[in-house]
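Fit chain B to the known structure of chain A by using the hints.
Each chain is listed here by its residues.
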Amino acid sequence: MWMTLKAGGFALVATAGYMVGQTVASSYARRPDDLKQCQAALGLLSSEVEYATTHLGVALQRVGRSLGGQVGDAFCRAAAALAGPANGTVEAWEEGLGWLQTTTALSRADIEILRTLGLRLGATDRADQLRHLAVAVERLKVQEELARQARDRNETVWRYLGALGGLALGLILL
Amino acid sequence: MLDILAYLPERIRVAILAQKPEGPDGVEEVRLREGRPLSLVFSGADSFLPLVVSRDDLDRCVALISRNSVYAFEEEMRQGFLTLPGGHRVGLAGKVVLENGRPRTVHPITGLNFRVSRALAGAAEPVLPALVDRRSGRLRHTLVISPPGAGKTTLLRDLARLASEGYPKAGLQGQKVTIIDERSELAGSFQGCAQLDVGPRTDVLDGCPKAEGIMLALRSLSPQVIVTDEIGRPEDARAVEEAVNAGATVLASAHGADLTELTRRPTMVSLMSGAVFERVITLMRQGRPGVVRSITDAAGGAVPCG
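From first to last, the protein sequence lines stand for chains A and B. Be aware that the first sequence starts at 1, since it is given in the numbering used here, and climbs by one per residue. Be aware that the second sequence starts at 1001, since it is given in the numbering used here, and climbs by one per residue.
If you're looking for bench data, these hints aren't it; they were derived computationally from the structure. Even for Gly, the Cβ is constructed at its ideal location relative to N, Cα and C. Any given hint could be a false lead.
Said to hold, decoys possible - Covered stretches of chain A, as calculated for chain B (at least 3 residues, CB under 8 Å): (1) 30-40; (2) 45-54; (3) 124-136.
Stated by the list, open to error - The following label-pair restraints were derived from C-beta to C-beta distances: (4) A:V135 - B:S1047: 38 to 48 Å; (5) B:V1096 - A:G68: 40 to 50 Å; (6) B:P1103 - A:Q22: 41 to 51 Å.
As the list claims (entries may be wrong) - From the derived model, a few chain A residues whose C-beta atoms are all more than 10 Å from chain B: (7) M1; (8) Q70; (9) R108; (10) T116; (11) Q149; (12) L167.
So that you can see chain A by itself, here it is in the shape it has in the complex:
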């Protein structure tokens, strides 16, 4: 009986360690793709602003639908919030950012870049909008490169660290 409980506890600790490792490793693995998606979304938004001069709400909706995924959903959420009564761009953009924070692997620094963009979104003429969008894309590109380096360094480490750490902790507790 006692041995069965010990074995069960060991299995639980080892699995928990493995899960933590997988989660952190997966976050490292997904972040470059999420950043890439954000850049693609801002690229599409630039096209809407530059060529179609679509109103921001419609533009966000279009970008969100054509892109899909969590980033696309964030744009759709921002568009829906913008259509709500008495909502300004900043509040609507925050809705989208809230979604990104909970569903993607974007870091706080990545979100801050998007937040800064949201302060100017829709508030100035076309040339200024395109400038701000281009700056945001450039900054996200740098983040993406750093995210790739971090992934290459840490993803495998965390996968093994989680599993081995869990095993080690389980053995100690035995």
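Just chain B, lined up with the frame of chain A:
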């Protein structure tokens, strides 16, 4: 007026609705100037409300007017005004940003002037009989003169509507009308679509320079009547002459106190001496818009109404 309230921040909306004794109905203009009291204009007289307009109020207004998309209104910003659904106009004041010596945009915007648009249906009915040639049933080439704010545009808009609908009492059948609306004031267009009643046979060239618009209309829309506001440049005069020679009736307006003052302007001399306009309606500022001082022929001889 109630249409305009939707484009104002809540605290300004509340202040306008609460102000007495006029209430919001008689308001002709709402003027927001950064750091100054909110101003309302009634029949030419203004009053200040005890509310100082902030930059945040102006930013919120601009966001509401542009639907959070200032970049989509670049051409309007270049011209210094935006048109709202319902034909109301918002004039912009602030730092004008130039590009190649021409205004590109206004940024920051430190003042907004909401002008309430009101179509006065029937404003032109009293003058119409003097403008119709009963034998041929056609409208005569007509120029409306007045100082700013006396109702030129209101009268011209109603003339366009009557010409388009037809006015059997004066022997006028419905005509194909084209309005060249360079400043979006005649038809009050929003995204190219007329918001004010300008008649069922009326086409509008919105935001188009007058001279180019007249030529465009002659080429493509076969108008019987061309209506345009505030002619004054040499190219306008040439285009008007072209339209007259092409067989279209021209209804136009020009700034000026009276015919004598108008004929001192070199551009108008050629139009008036060429006897392009068969009728000249002079308006005066007197409370309501469109009060007629006189109707004359090109030589200045009085023409009776009706």
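Comparing the hints with the structure gives:
{"no.": "1", "hint": "30-40", "result": "violated (count 0)"}
{"no.": "2", "hint": "45-54", "result": "holds (count 3)"}
{"no.": "3", "hint": "124-136", "result": "holds (count 5)"}
{"no.": "4", "hint": "A:V135 - B:S1047: 38 to 48 Å", "result": "holds (46 Å)"}
{"no.": "5", "hint": "B:V1096 - A:G68: 40 to 50 Å", "result": "holds (43 Å)"}
{"no.": "6", "hint": "B:P1103 - A:Q22: 41 to 51 Å", "result": "violated (59 Å)"}
{"no.": "7", "hint": "M1", "result": "holds (67 Å)"}
{"no.": "8", "hint": "Q70", "result": "holds (23 Å)"}
{"no.": "9", "hint": "R108", "result": "holds (26 Å)"}
{"no.": "10", "hint": "T116", "result": "holds (17 Å)"}
{"no.": "11", "hint": "Q149", "result": "holds (36 Å)"}
{"no.": "12", "hint": "L167", "result": "holds (54 Å)"}
In summary, the structure is inconsistent with hints 1, 6 from the numbered list given earlier, while agreeing with the others.
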